[in-house]
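Produce the entire structure from the sequences given, and follow the hints as far as they go.
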Amino acid sequence: MIRILALCLVATPALADVDAVLDGHVLPRVAAFANASATLANAPCEAGPLEEAFADAAIAWAGMSHLTLGPVEEADRGLSILFWPDDRDATGRGLRLLIAQGETAWTPDALTRASAAARGLGALERLIVEGGEPCLLTGALADDLAAQAAALNAGWDAFAPLLRDPGGANNLRFLTEREAQSALYSVLTQGIEALKDRRLGEPMGTFDAPHPLRAELRRSGLSQAMALASAGALAELAAALTDAPDTVDALRDAEARLRALDDPSFAGVEDPGRRVALEAVQADLLRAQTAAAREIAGGLGLTTGFNALDGD
Amino acid sequence: MRRLLAAACLPALAASSALATQPAEVLETYADIAEAAYGDSLASARTLQSAVEAFLVAPSPEGLTRAREAWLAARVPYQQTEVYRFGNPIVDDWEGRVNAWPLDEGLIDYVSAEGTAPAEGYDGNPAAGLNVIANRAFTLSGAEIDATEITPALLQDTLHEAGGAEANVATGYHAIEFLLWGQDIGPYDATAGERPWTDYATGTDCTNDNCDRRGAYLQAATDLLVTDLEEMAIAWGEGGAARQDALEGETGLQRILTGMGSLSYGEQAGERMQLGLLLNDPEEEHSCFSDNTHWDHFYDALGIRNVYLGRYVGIDGTVTSGPSLHELLSESDPAVAEALKAALDATQMEMTEMVVAAEAGLHYDMMLNPANEAGGALIQAAIDGLVAQTREIERAVAALDLSAIAFEGSDSLDDPNAVFE
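Heads up: the protein sequence lines correspond to chains A and B, in order. Numbered per the numbering used here, the first sequence finishes at 312, counting up by one with no gaps. Numbered per the numbering used here, the second sequence finishes at 733, counting up by one with no gaps.
Worth flagging that the hints you see were computed from the coordinates, not collected in a lab. It is possible that some hints are incorrect.
One side only, chain B facing chain A, incomplete, derived with CB under 8 Å [to be verified]:
(1) D435
(2) G573
(3) S574
(4) L591
Derived DEER-like restraints, expressed as beta-carbon distance ranges [what the hints assert, rightly or not]:
(5) A502(B) to E103(A): 26 to 34 Å
(6) F207(A) to T470(B): 16 to 24 Å
(7) A366(B) to G273(A): 56 to 64 Å
(8) T104(A) to D404(B): 43 to 51 Å
(9) T112(A) to E426(B): 25 to 33 Å
(10) T377(B) to P161(A): 57 to 65 Å
Just so it is clear, CB atoms sit at the ideal spot from N, CA and C, and this is done for glycine as well.
Written as structure tokens, this is what we have:
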């Protein structure tokens, strides 16, 4: 009770630093993904270089996949960059169709109309890791990914000013400073939720029914690296947003725990002894959620917006 | 005590005693509309149940048509209740039994490899090709299952979400829809599922084998739908648990807006509509067997509008209405109230345009065809409307200063030990 009252009355919010978030977090990470995707598109069609460039692009995506507002939100573009979770194997279905359609369906223009699941990192992973598929299609999908990443980067150049100038002329997206701050806070909480309940939660399933085959990019053994990159990015975002030491600490703990793991594809979810390490990461993230609600939402008087995970 | 504090913290609500519309009255209307809409859902499911019984006693083409018509009519009130899902834990916990989707229909009955549905098991769902109608015994997640008798219990307790795969939908509207219409084979064309009535015929007229078991499944699934809807209709009646929770729970008006926003954005705009458009996949069509998807989306949107404006038109024409969230919000922030109403109206108009084209012959799966740009644009416009109205819903949450309620309701602060630290 006392604590609630204190929050209500002593609300002299610290400012959320929108510029710091954009300049120190969002824009560099969006640019890094565009660069990594361009490198993948330029890689020679050989297993070694392709796998390395693919991993870099995937990890760069994990470092920005929480930035679902703005250019990514438009037409749910994130799904054509990585269609995951893919409970019903839409990736396999879409890719089979694309291969069957042949080269005329692999032009840059045709790919923009293909199934989102047949595009992006998920489809590229099948082609690169499972091998034996035409280099022409791999190259076309890598070019398509690079084009999407470049479009995101350009989209942020146009979107960032809206966040910086809420209530400005013609800015219908953000009417007040509080809306801009709430949007960034929502991105943080949604990112933590996605890391905890999806990147970790999908393969973990329940103790009695784990689902290791649902781990993100498990075929290329990048599940752990993706989660690690995401935890680091979320800690960076929380630190840039406002003074939120407990939130940042909890996220850094999750990051350190993920770094210490040796479970690249999260196959360990089936082994009670190894599973416990992932449960500890989830506990850190739960702590981060609680701390963020108190330090950031409570401190700034913000509300969480609706997000894509609100459905079932 | 908690209530007093909340009032002290929240100027908008503290001032409410001076306003004409009281939050308690708004919640009363909200519960009344739920009672009416779940009551209508139950009544129309009972009509479906009678039609199915009549069809199975004496299978005929007309009997199948009547059952299909009853199913379509039953969707009208039910879809308008979906707005109650996300704000009400009692509804959300129950909903998966009734309207789960999408489904791997190969779990239930025969499927053709020509269709897009999985015809055999895969990583995410090893039971996708189980076909319980054709198999009296099988292994499921390592357990031997005796399916000699197809009963409501077998569907609900053993098959539904078997192996933790959400696509194992053994019960509810869409399982029944599959049994009435069958698989929609042609993607992007004007045909719906074309199951022949003889799939339920007796003796040598029976097509695709196991007609008696198929009939038993259809009957069991329909009976379950009725008992499940009975449960929810009672829960919203006088003294019912869902009504009580809505009226007396801590979240108050936040509950209404949470349901509206979550259905608008994550569920409908995202999962049900944008995903289908991005994948161009008829598997992502909500009512793919019957080609009724356009109406699903239309009535979902209408349900969102109903709870905001405090008005529901029942299946017999009875109007349920009362003090509304719109009226309450108009008193404290008319600009936000009008913007939200305008956004809901705009979405409803986009949905109407989609329905008009679909009823004129451009079925929803034809709109999903990547080559059909005009059809895709109709769906996209409706999605954009849902996304835009979500922003206005967020503004309504902020205008009513409901964030503090949600914050107060967080786990940490509700923990009594934390309070006395």
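Against the structure, the hints:
no.: 1; hint: D435; verdict: 4 Å, holds
no.: 2; hint: G573; verdict: 4 Å, holds
no.: 3; hint: S574; verdict: 4 Å, holds
no.: 4; hint: L591; verdict: 5 Å, holds
no.: 5; hint: A502(B) to E103(A): 26 to 34 Å; verdict: 31 Å, holds
no.: 6; hint: F207(A) to T470(B): 16 to 24 Å; verdict: 21 Å, holds
no.: 7; hint: A366(B) to G273(A): 56 to 64 Å; verdict: 59 Å, holds
no.: 8; hint: T104(A) to D404(B): 43 to 51 Å; verdict: 46 Å, holds
no.: 9; hint: T112(A) to E426(B): 25 to 33 Å; verdict: 28 Å, holds
no.: 10; hint: T377(B) to P161(A): 57 to 65 Å; verdict: 58 Å, holds
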